[in-house]
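J.: Start from the sequences and build out the full structure, keeping to the hints where you can.
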Amino acid sequence: MTRKVAIAILGLVLAVFAGLSFYRSRHLREPVVLGPGISRVVKLGDYFAPIKGTVNDANVYIIEGKEPGGTILLLGGTHPEEPAGRLAAWIFAENASLARGRILVILSANRSATTVTRLGGAYPPDFTIPTAWGGQTFRMGDRWSNPLDQWPDPEVYLHYPTRQELAYVDIRNLNRAFPGRPNGTLTERTCFAITELIRREKVDIEIDFHEAELQYPVISTIVAHEKGADLAAAASMFISSVEGFSIGVENSPKALRGLSHREIGDATDAISLLLEAPEPFLDATRGRTNRELLLTGKDEFIVRAGKRGLLFEKIDGRGWPIDVRVGRHTSTVLQLLEIWSADHPDKAVAVSGVPRYGDVVEKGTGAFLKDPKAADPSKLAYE
Amino acid sequence: MDTIVTLLYYLLTAYIAVLLVRNFLKRKNWQEEVLYIIVLIPFVLRLLRLK
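These protein sequence lines are chains U and H, in that order.
Mapping the first sequence onto numbering that gives the first Met the number 0, position 347 (from 1) lands on 346, and the numbers just tick up by one.
Mapping the second sequence onto numbering that gives the first Met the number 0, position 19 (from 1) lands on 18, and the numbers just tick up by one.
It is worth saying that the hints were derived from the structure and are not from the lab.
Heads up, the beta-carbon is just placed ideally off N, CA and C, and yes, glycines get one too.
Incorrect hints may have been included.
Straight-line alpha carbon distances no greater than 30 Å define the calculated DSS-like cross-link-like pairs of lysine-lysine that follow [to be verified]:
1. U:Lys-378 x U:Lys-42
2. U:Lys-65 x U:Lys-226
3. U:Lys-201 x U:Lys-42
4. H:Lys-25 x U:Lys-3
5. U:Lys-3 x H:Lys-27
6. U:Lys-313 x U:Lys-362
Selected chain U positions facing chain H (in silico; Cβ < 8 Å) [as the list claims (entries may be wrong)]:
7. Arg-2
8. Lys-3
9. Leu-9
10. Gly-10
11. Leu-13
12. Ala-14
13. Gly-18
14. Phe-21
15. Leu-147
16. Trp-150
FRET-style restraints, in silico, Cβ to Cβ [unchecked claim]:
17. H:Arg-21 x U:Trp-132: 51 to 59 Å
18. U:Val-241 x H:Thr-5: 47 to 55 Å
19. U:Gly-316 x H:Thr-2: 46 to 54 Å
20. H:Val-33 x U:Ala-380: 41 to 49 Å
T.: Have a look at this one:
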């Protein structure tokens, strides 16, 4: 009996330590210092009441210029395990000022997915971006909504409304559930809320930030709905000639359903674009799955895979640091906005204060994150 | 409907957790006892909505 009690106590200790780690990770607060251009912060639930008060009732940061113009939506955190997307959106929220138009920013499009890590993936629970004031810690997140918020998965996932059969687990994947279903799962309702926001705010361009493994063919690219093909192609040419990096353009496939670049473009008047940056952390052939790999993008095994011709993007000993990935996203958005504004003067969006690729690579992402301890409490929000 | 299915899954989880505890109490071999306790942990964490 004594032995059984001792073993039960051992199990209890293990459960408490594991439980505390999971609890802290799920409830880590991420401060956002409202940038100079933010006029107000609303909730995703304001556009679709059934989302209100749920884990996915995300903050929507509204950056407004003095002059009217176009409206842009930036989606960060569709897949939170692709952190350059959230960080690029964060930089816009904390730094952007507008002379014309509006930018709506969502930092945690699938907030539920920010509260969990890949089951069996040995992901770190969080990561810290170094800053001059000490560093800011973010939740690591996963590709799929937390099973605590949506469980169980079905045997077969039929996308709504097309009824295309997708991988069962993708019923929790925000980027396989657009345009959303008002009476569906949490993930589908979240997609519906985002689609409603786009309709009601008359968004002109929606840009979804992502990262991809180097063994995935859709990488270092702008995936564009046909309505945005010309805009994406022009941005790709300008970026490749003036920004210091290359980015391609892919047409959004009509046969693959549920993705933001396809469904938002089809279901709303907005041009839908999706940006992909390289993230070696996601590659199946990676070595240790730790914070260092996440932030440096350096991995000898992926380099080896590249030497064997198994990758769709180059990699060497320099890896793919987070600053490079974040800078690619900020510069791509800035180029898209400049071209859009030149072509649509009545719907222009004139933005300043956001660093380009060269600035982010030179100074680091942390140089553009604001210190919440030094901020006016009325200018703080939490993700 | 989804809520009912989720509730049923939690009931299933609790049922399996009870079976694991019962088997743990019946075992005579310490290695099997440790095994049952380790297997039990994820069920407890799910019931407590921690993982």
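J.: With reference to the structure, classify each hint as holding or not holding.
T.: Tested hints:
{"no.": "1", "hint": "U:Lys-378 x U:Lys-42", "result": "holds (16 Å)"}
{"no.": "2", "hint": "U:Lys-65 x U:Lys-226", "result": "holds (28 Å)"}
{"no.": "3", "hint": "U:Lys-201 x U:Lys-42", "result": "holds (17 Å)"}
{"no.": "4", "hint": "H:Lys-25 x U:Lys-3", "result": "holds (10 Å)"}
{"no.": "5", "hint": "U:Lys-3 x H:Lys-27", "result": "holds (9 Å)"}
{"no.": "6", "hint": "U:Lys-313 x U:Lys-362", "result": "holds (24 Å)"}
{"no.": "7", "hint": "Arg-2", "result": "holds (6 Å)"}
{"no.": "8", "hint": "Lys-3", "result": "holds (6 Å)"}
{"no.": "9", "hint": "Leu-9", "result": "holds (7 Å)"}
{"no.": "10", "hint": "Gly-10", "result": "holds (4 Å)"}
{"no.": "11", "hint": "Leu-13", "result": "holds (6 Å)"}
{"no.": "12", "hint": "Ala-14", "result": "holds (5 Å)"}
{"no.": "13", "hint": "Gly-18", "result": "holds (4 Å)"}
{"no.": "14", "hint": "Phe-21", "result": "holds (5 Å)"}
{"no.": "15", "hint": "Leu-147", "result": "holds (5 Å)"}
{"no.": "16", "hint": "Trp-150", "result": "holds (6 Å)"}
{"no.": "17", "hint": "H:Arg-21 x U:Trp-132: 51 to 59 Å", "result": "holds (54 Å)"}
{"no.": "18", "hint": "U:Val-241 x H:Thr-5: 47 to 55 Å", "result": "holds (52 Å)"}
{"no.": "19", "hint": "U:Gly-316 x H:Thr-2: 46 to 54 Å", "result": "holds (51 Å)"}
{"no.": "20", "hint": "H:Val-33 x U:Ala-380: 41 to 49 Å", "result": "holds (46 Å)"}
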